[in-house]
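K.L.:
Listed below are the residues making up each chain.
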Amino acid sequence: MMIAEPLLSHGLAGFAVGGMLAMAGVLMQVLLRTPLAEPYVLGVSGGAAVAGLVCMLLGLGGWWISGSALLLCLLSLAIVFYVGGGDHIPRERLLLTGVVLAAGWSTLTTFLLALEPTSSVREMLFWLMGDLERSVSAWWGVLALVLALGGGWVMAPALDLLVRGDEQAAVLGVEVHRVRLLCYIMAAVLTALAVTLAGPIGFVGLVVPHMVRMVVGARHRILIPASIVAGGVYMIGLNAITALPLFQGTVPVGVLSAIIGVPVFLYLLRQPRASG
Amino acid sequence: MASLQLDNLGFGHNNRMLSRPLSLEARSGEFWAILGENGSGKSTLMATLVGLLPPLQGQVFLDGVNLQRIPRKVLARRIGLLLQKVDVGFPYSVRETVSAGRYAHRPPWRSLRRRDRKKVEQVMAWTGLDTMADHRADQLSGGEQRRIAIATLLAQDPDTLLLDEPVNHLDVRHEVALMERFHDYSEDGRLVMVSLHDVNLASQYADRLLLLYPDGEWEAGPSESLLTEDRLERLYGVPLKSVGSDETPFWVPLGHSKRSAR
Numbered sequence: 225m226m227i228a229e230p231l232l233s234h235g236l237a238g239f240a241v242g243g244m245l246a247m248a249g250v251l252m253q254v255l256l257r258t259p260l261a262e263p264y265v266l267g268v269s270g271g272a273a274v275a276g277l278v279c280m281l282l283g284l285g286g287w288w289i290s291g292s293a294l295l296l297c298l299l300s301l302a303i304v305f306y307v308g309g310g311d312h313i314p315r316e317r318l319l320l321t322g323v324v325l326a327a328g329w330s331t332l333t334t335f336l337l338a339l340e341p342t343s344s345v346r347e348m349l350f351w352l353m354g355d356l357e358r359s360v361s362a363w364w365g366v367l368a369l370v371l372a373l374g375g376g377w378v379m380a381p382a383l384d385l386l387v388r389g390d391e392q393a394a395v396l397g398v399e400v401h402r403v404r405l406l407c408y409i410m411a412a413v414l415t416a417l418a419v420t421l422a423g424p425i426g427f428v429g430l431v432v433p434h435m436v437r438m439v440v441g442a443r444h445r446i447l448i449p450a451s452i453v454a455g456g457v458y459m460i461g462l463n464a465i466t467a468l469p470l471f472q473g474t475v476p477v478g479v480l481s482a483i484i485g486v487p488v489f490l491y492l493l494r495q496p497r498a499s500g
Numbered sequence: 003m004a005s006l007q008l009d010n011l012g013f014g015h016n017n018r019m020l021s022r023p024l025s026l027e028a029r030s031g032e033f034w035a036i037l038g039e040n041g042s043g044k045s046t047l048m049a050t051l052v053g054l055l056p057p058l059q060g061q062v063f064l065d066g067v068n069l070q071r072i073p074r075k076v077l078a079r080r081i082g083l084l085l086q087k088v089d090v091g092f093p094y095s096v097r098e099t100v101s102a103g104r105y106a107h108r109p110p111w112r113s114l115r116r117r118d119r120k121k122v123e124q125v126m127a128w129t130g131l132d133t134m135a136d137h138r139a140d141q142l143s144g145g146e147q148r149r150i151a152i153a154t155l156l157a158q159d160p161d162t163l164l165l166d167e168p169v170n171h172l173d174v175r176h177e178v179a180l181m182e183r184f185h186d187y188s189e190d191g192r193l194v195m196v197s198l199h200d201v202n203l204a205s206q207y208a209d210r211l212l213l214l215y216p217d218g219e220w221e222a223g224p225s226e227s228l229l230t231e232d233r234l235e236r237l238y239g240v241p242l243k244s245v246g247s248d249e250t251p252f253w254v255p256l257g258h259s260k261r262s263a264r
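Those protein sequences? They're chains C and Z, same order as listed. The opening residue of the first sequence carries number 225 in the numbering used here; numbering runs sequentially from there. The opening residue of the second sequence carries number 3 in the numbering used here; numbering runs sequentially from there.
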């Protein structure tokens, strides 16, 4: 019992975080019409991380972290949208916007770490690299996932149209602004919660939907539930690997995820997809 | 039955109107061609007529209802627009891509019903896509993507069809099949409006014309009365001459070398 219980909540947190990051990735990919969109790459997780660190510095916990993380996620995503998004704007600009934003948050993060007394810096660094150890109240993540799953089910046909661009989707009958706003809020909430639970783990939202699409295709009615489940399993798997005796718990999940995610990102970037 | 009324309609981008305000009515059963140089506003007008762009002045009415007041889903069952470019960067199959045309015909939580699926198969057969229904749409050629866009519009099945340069990138075979198909649509009592840069396609199929002149003036009316040498020269900035018979006129532009013969 003493061992099984933390393992269970650990597994639950891992599943929730993986599922939320994967779902956030799917939503951002619809919003920005590229499979390269992902919370970490676009600097959205970075915003949540800064919020988390500020709260830790001020000694605030729990909902303070989630709430401020959500605010900065919404802000980051809004910046990426309005600077980098749009129907006829090349995706390079979008990626660049996200990367610059991520760099900005990263600088701020380093600065915040420098302000902190040395004793807790190591702990914070681990959180920043993705660390499920800090997980609290994973059930909130599960609840968010269930809501996202339901919302995703209803919105799926509209999402299939939105990836063709706003004009096409509108002509075919989608109330574009309404659906986009819902996606945007869902993506921000999921990212904020995931980062609060486990730190800014990158590339899950990129790798998982890509793999799932290769298996089940692009239709969102299947892609969304499949990505949530696959994201959860993927995260539990990553976590299991970091727990191997070989690593002795020294490798955070986020590092492992990046080792897999960076090559996948570069591969996708090289795809001869018509730019959009 | 549908009627599209343009009431003193000013269209354009960023508050710059591309022509003098338009007033005309287009009805079911008519086949309209919109002619004008590149940049004369053909695409912008189409986007305005389907509510993608707000009018800069005046209004568009669909059966007497202001277009801006109609919910997108209701509008999508009435008016369809073929855009010049469709770009889907995700691995959808051809069938899945074409099925998007049925979006407005069902509540969002429903899957495709039998009659939706039947319609999709039917339009894929019409456009010659049935043999590649399970291929990935994003890996096809420009002409095939074009046909996917056309099939999507046909699956949408609106009673007013706006087509922005529909025959670009198409082989002659598909071009003819497409124009014939849309012509049949207008004969069946739908309203078809096509922007074209080929005068001869317009003269062959359209019974009404809207000419958007480079100086911002416009003219609309029956095609037989509007297709004259001086109008076309004003439209394109080069003289055109009709060769062929009166029943099937064929317009050719005259270069400098031939102008003396005029």
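What the hints contain is simulated information worked out from the structure, not anything from laboratory work. Do not take every clue at face value.
Unchecked claim - If you want a taste of the chain C side facing chain Z, the calculated C-beta under 7 Å gives, among others:
no.: 1; residue: Glu-316
no.: 2; residue: Leu-371
no.: 3; residue: Gly-374
no.: 4; residue: Gly-375
no.: 5; residue: Glu-391
no.: 6; residue: Val-395
no.: 7; residue: Leu-396
no.: 8; residue: Gly-397
no.: 9; residue: Arg-402
no.: 10; residue: Arg-437
no.: 11; residue: Val-440
no.: 12; residue: Arg-443
no.: 13; residue: Ile-446
no.: 14; residue: Ala-450
Claimed, not checked - To give an idea of the interface, some chain Z residues facing chain C are shown, with a C-beta separation under 10 Å as derived from the structure:
no.: 15; residue: Arg-22
no.: 16; residue: Pro-23
no.: 17; residue: Ala-49
no.: 18; residue: Pro-56
no.: 19; residue: Gly-60
no.: 20; residue: Gln-70
no.: 21; residue: Arg-71
no.: 22; residue: His-107
Please read these numbers as outputs of a predicted model, since none were measured by experiment. Even glycine gets a Cβ: it sits at the ideal position worked out from N, Cα and C.
K.L.:
Hint by hint, say whether it matches the structure.
P.N.:
Results of checking the hints against the structure:
no.	hint	result
1	Glu-316	violated (14 Å)
2	Leu-371	violated (15 Å)
3	Gly-374	violated (10 Å)
4	Gly-375	violated (11 Å)
5	Glu-391	holds (6 Å)
6	Val-395	holds (5 Å)
7	Leu-396	holds (5 Å)
8	Gly-397	holds (3 Å)
9	Arg-402	violated (9 Å)
10	Arg-437	holds (6 Å)
11	Val-440	violated (10 Å)
12	Arg-443	holds (6 Å)
13	Ile-446	violated (11 Å)
14	Ala-450	violated (14 Å)
15	Arg-22	violated (26 Å)
16	Pro-23	violated (24 Å)
17	Ala-49	holds (7 Å)
18	Pro-56	violated (13 Å)
19	Gly-60	violated (21 Å)
20	Gln-70	violated (13 Å)
21	Arg-71	violated (14 Å)
22	His-107	holds (8 Å)
The structure does not agree with the numbered hints 1, 2, 3, 4, 9, 11, 13, 14, 15, 16, 18, 19, 20 and 21 stated previously, though it agrees with the rest.
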